[in-house]
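**Q** Chain D is already provided as a structure; the job is to place chain B on it using the hints.
Each chain, letter by letter, is given below.
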Amino acid sequence: MNKIGAEKTISVYWFAILIIVAGAVIYMVVSVYGKPYDVRGAESEILASNIADCISEGGYLQEKILGDASFRENFLQRCSLNLETPDFAGTKGEYYTEVNFYEFETGTKLDFDIVQGNFNLKSSCGLPGLTQPVCSQKSFYVIDKEQKKYRVDIMSIVNKVDKNA
Amino acid sequence: MNKIRGKKGDILIGDVIFIILNLVFLSILIIFIVTKANDASRLEEQYAKQIALIIDSAKPVMTIHLNMEDAIKKATGNNQDISKIVAVQGNVITVKLDDKAGYSYSFFNDVDVNVYPDTGANSNEYVIIIDEKK
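Heads up: the protein sequence lines correspond to chains D and B, in order.
Residue numbering for the first sequence follows my numbering, starting at 1 and increasing by one per position.
Residue numbering for the second sequence follows my numbering, starting at 1 and increasing by one per position.
So that you can see chain D by itself, here it is in the shape it has in the complex (with noise of 0.2 Å):
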């Protein structure tokens, strides 16, 4: 091979090693600034938050909470909660909430639990993959004015997928 054809094969090799540069670097480009930003684990955490502190302050068990029908069916107003979503065109609801009562010594379900939202969410709680919902689930210990011993389980799930996955 003569020099100038030497010299084109080099340059082809090149152009070849420039194009799987490009190819690498527009891949990684896309994969970093393609995908959204995914809040839905800190929206959720918030939610189980914002829940915790509605019903519980300085571990004491707010009153009017417990057994009340009237806290159950107004909880949505009485939290500070709005789970509507406007942005979401066509949505069934993106939350799902639910807080569920023990007694702290026995373990035993008490019959009055608050459920929110699109209940179907629940089923796919902890699958794996980011097109699923986002899961928190918080457990806390409160006692009520006779000092009696409660734990609250709260469930907290956004799905909201299409902007975040």
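All the given hints hold, so there is nothing to weed out.
Partial list, derived from the structure: chain D residues whose beta carbon lies under 8 Å from chain B: (1) S11; (2) L18; (3) V29; (4) P36; (5) V39; (6) I46; (7) L47; (8) N50; (9) N82; (10) L83; (11) E84; (12) P86; (13) D87; (14) Y95; (15) K163.
Since the hints were made in silico from the structure, they are not lab data.
Just so you know, even glycine gets a beta-carbon here, dropped at the ideal spot from N, CA and C.
**A** Leaving out everything else, chain B in the frame of chain D:
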């Protein structure tokens, strides 16, 4: 002139073209990365979600100052009204930095939210006031 058109001259022109093509290629690559990194829609999404999370975790009555220097610069560059970068409608935050629709994200904290740019010394900041629902 005859010397440049000789054998040595041909090799030199080839090398120059090769280097120029490489530079053009690298420049296109860098422009692509910078354009993607400074995309207005990226900033809109970032701030809409950040403000939504701030509102979710806030309690009445709170005043929050958020530094939005890069967003304000971007909006100014796109001839947008700085006072209309962030808008709240119901429980949806919308951040708009160009002529397009902007980016919207909902928050679940049922509070009254008032958002406006700081007109004082901190002109790169936005003020978010959280109040009880009336």
